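Enquirer: In our numbering, the protein residues as written are 32 to 202.
In case anyone wonders, no lab produced these hints; they're calculated from the structure. Please read all numbers here as calculations on a predicted model, not as lab measurements. Hints may contain errors.
Said to hold, decoys possible - Between beta-carbon pairs, the in silico distance windows are:
#1 Gly74 with Arg201: 35 to 43 Å
#2 Ser38 with Ser196: 40 to 48 Å
#3 Glu155 with Arg60: 34 to 42 Å
#4 Gln67 with Glu154: 37 to 45 Å
#5 Gln118 with Ser63: 38 to 46 Å
The C-beta atom is built at its ideal place from N, Cα and C for all residues, glycine as well.
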Amino acid sequence: MSPQPFSRAWFEDFAREFFAAVDSMDTTRAMSFLVQEPTCQFGNQPKISGRGQVEKVRGGPCSLLFLMQIISYLAIVCTQLLSDFYQVLHGMSHEIKTIDTDLEHRTIYAGTVVSYVVKGDREEAPISIPVMTLLRFGTAGGGEEMKARDLSVYFDPSSVFEKMSEVQSRA
32 MSPQPFSRAW FEDFAREFFA AVDSMDTTRA MSFLVQEPTC QFGNQPKISG
82 RGQVEKVRGG PCSLLFLMQI ISYLAIVCTQ LLSDFYQVLH GMSHEIKTID
132 TDLEHRTIYA GTVVSYVVKG DREEAPISIP VMTLLRFGTA GGGEEMKARD
182 LSVYFDPSSV FEKMSEVQSR A
């Protein structure tokens with residue numbers, strides 16, 4: 032039997048399923064966890080609202096830098112960016128260290144360690160980094176309230192970028 036929506040157990044199940052979807056590197060599956068026009072923020076980058084904003088940034092002069100700074104999580108907002116990013120990854124996995132919930136504000140706080148394997152790395156050595164993710168849910172109705180409306184992700188992916196550069200320089 033499924034837990035009652037918006038209970039502690041429901042939020043914990045949602046977080047586990049969300050991270051499994053991201054780890055699957057299946058764009059459609061990962062995107063299914065957010066509303067149609069979500070708001071996302073990755074580290075200290077500007078907040079992005081909806082797919083239109085993501086497309087503007089993607090087409091701008093710093094699009095590669097932007098892609099690198101938001102790596103796997105931007106996948107949920109923009110299918111093309113996810114596909115592009117997954118092309119440089121051999122795999123990824125989230126190890127959930129802690130999940131906390133704020134039932135009143137419908138928010139999940141998840142501390143994870145994300146391990147990335149960069150495609151083309153001869154050693155296929157995982158690069159593990161700590162990540163803090165906040166998922167906030169709305170009250171819009173029509174089924175949208177069962178999906179996250181706001182995603183904030185805090186992490187330092189510099190070691191992943193270093194490995195990507197190293198692999199590219201050997202190619």
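Enquirer: Which hints from the list above does the structure break, by number from lowest to highest?
Expert: 1, 3, 5
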